[in-house]
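Here is how the chains run, residue by residue.
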Amino acid sequence: MALVDPGASLPSPRRADRPGALIEMRGIERTYYMGDNVVRALAGVDLTIERGASIAIMGQSGSGKSTMMNILGCLDQPTKGTYALDGRDVSRLSRAELASVRGRMIGFVFQSFNLLSRTTALENVEMPLLYQGLSSRVRRARAEAALERVGLHNRGDHTPNQLSGGQQQRVAIARALVCEAPIIMADEPTGNLDTRTSYEVMAILQGLVAQGITVVLVTHEPDIAAYARRVVTLRDGLVTEDRTQTPVIAGGSMAGDAAAHAAEQAAAAAAGAHP
Amino acid sequence: MNLLTTLRLAFRALWRNKIRTFLTMLGIVFGIGAVIAMVAAGQGAQQSVKDVFDSLGTNVLSVESGGATSFGASGGAGSRASVTWKDFAALQSGEIPTIRWVAPLLTTKSQVASEQGNWNTSVTGTNAIWFQIRNWKTTQGDTFDQDTGEASAKVVVLGSTVATQLFPNANPVGQAIRIAGQPYEVLGVLESKGQGPMGDNDDIVVIPYKTYEQKLAKGLAKYVQGRVLVSMTDDEAADSTIAGITDLLREQHQLKATADDDFRVRNPAEFAKGQQDSTKRISWLLAIVAAVSLAVGGIGVMNIMLVSVIERTREIGIRMAVGATPKDVMTQFLVEALALSAVGGVLGLGVGYLGAYGMAHWIFKWKMFFPATTAAIAFGVSGGVGVLFGLYPAIRASQLDPITALRYES
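As you go down the protein sequences, you meet chains U and B in turn. Each residue of the first sequence is one higher than the last, beginning at 1 in the numbering used here. Each residue of the second sequence is one higher than the last, beginning at 1001 in the numbering used here.
Be careful, since some hints might not be right.
[Claimed, not checked] Using C-beta positions, here's what the derived DEER-type ranges look like: (1) B:R1016 to U:R243: 24 to 32 Å; (2) B:R1407 to U:Q60: 31 to 39 Å; (3) U:V39 to B:I1377: 51 to 59 Å; (4) U:G35 to B:T1373: 18 to 26 Å; (5) B:L1391 to U:R92: 26 to 34 Å; (6) U:S94 to B:L1007: 23 to 31 Å.
[Said to hold, decoys possible] If you want the ones that stay clear, here's a sample from chain U, every Cβ over 10 Å from chain B, calculated: (7) D76; (8) L130; (9) S164.
[As the list claims (entries may be wrong)] Examples of chain B residues lying across from chain U (beta carbon under 10 Å, computed): (10) R1016; (11) T1138; (12) G1141; (13) M1320; (14) A1321; (15) T1325; (16) V1346; (17) Q1399.
Derived by calculation from the structure, the hints in this document are not laboratory data. Here a beta-carbon is modelled for each residue, glycine too, at the ideal position from N, C-alpha and C.
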């Protein structure tokens, strides 16, 4: 396997051994029209993200980072510029095509978890697979496996209101993982969590990076951005800073490149801390 | 997403709001139920009208006095005696070739009594031919024959209702009864014809018309104190027969060319057709009212689906974020509306059946109609209502912007 990123060491169908960057944005602009006001949320952004990267997009509110994340996540489309995702131009797709790109390529983790209430953890995790046309047996098996990866295999029949905030966010991560998407977009993933729980969630996300999954963190908190290897800062719709750093390691013993079962360990640690 | 999964999802979503689902469904249940019951009622009414006229005998015309005007005011049918027994004989003469049989029909109400009971019933005076025109046979004994029918014999044939009333435990044949105080010998008992347009067909006693004239009639013996039934050789001859009878009677009555007829020739089949037409119109009206109630039920479905779309905006956003296409979302809500109305439709079938049954057995006492085609159509319609009224909310759901939907606070 010709690995683009040395951190990508686990076999995964959608990862790593393809040429070119995973994400290539050129001259991305996004303009909103609100009555007579014209808001330029993004004013020409160039951004390349390699496969298996760990990147944080930072910025104050109004900096354009939410718009950035919406476009990166194929929830929105740029007014101008091109966006190539895994070599395919996705900047001019129809709503239906965008939806299927999201389903295959991107897993979302939101600040407010966004789990379906009155629906069990397992069913929440299964949900994305409904739109992939898989049989219920395959869905069940893959959802159980995804829950196991976040250390919640014994909580499958719990509904969100029977789970703690950290557990709910881990269910959301399992949901993002279940389609084997190469990218996880995490929008303020710890915004609704206390410090200790935040640490657990970041450990899981770092574990995913170790497995070769590209994790994009969108946050305004430097503490959270510190867990990423690369930090891109936006201001007024432009990239003002793009730096690489040695990430803070959540979950202790994890040494990035080598940890084959990092996610499982992190999950186990998290589960241990939260019996 | 496959259909089974979509259906399961839809039923689960409906089950989550049981009371709301149930109340919304009621609109469809009653809509479909009303349509079915009303269609069944229309068919029942039409059939019962048809039965009435069939029981009068087919190919039969009725001739009676009347139609005279005095000082410009029409007296109406039978207001003045004009049809005589001579006219009757002329009709019988064979002059009009399309006339097959002729029978007088004289009726009055009278008290009849046996040793065991008494009863107020309809007394009919006629000849032996009448039994043939009405195609009415006996279960016991005989009707009167040609000669007896033309004689003033004091004999009687009983309808089955009267026979039961007067002779609850005995064979009436050969027994004596009294009609308006006069003794008559029972010749036979007619088979039951059940309910007719004027009530119980079997609540009748039949005596020879000459006997009737002598014992029961009050007017002049010259005139027919009732109607003359004319049976035709075939249906198609109605118009020419009516024309023939009119010519014959005008001649008999020596009416001037300018004078109005002083008699009436009626064709019950025409009347029946008119009756059936109006019944049909009323049936349509009922069906339209029922359809309106179904439409109201459908609007209820639309309303609740719109509420549901708004309440579940965030869910829609989440589903879209994880890869649901607009079509997936639309299908989900459409199938939900469809499931709602289809289940309502099935329950409505039951309600409609009960309604049709209740009307047929307890209210109108006619034959029960519940044709499979109507039921199938009604079920199809309920599905159509679901799709029709579910479409708009489903399209709205599918057009939601995932970003806005994800941020929606309920």
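Violated constraints from the hint list, given by number and in increasing order: Hint check: 1, 2, 4, 7, 8, 11, 12, 16 fail, others pass.
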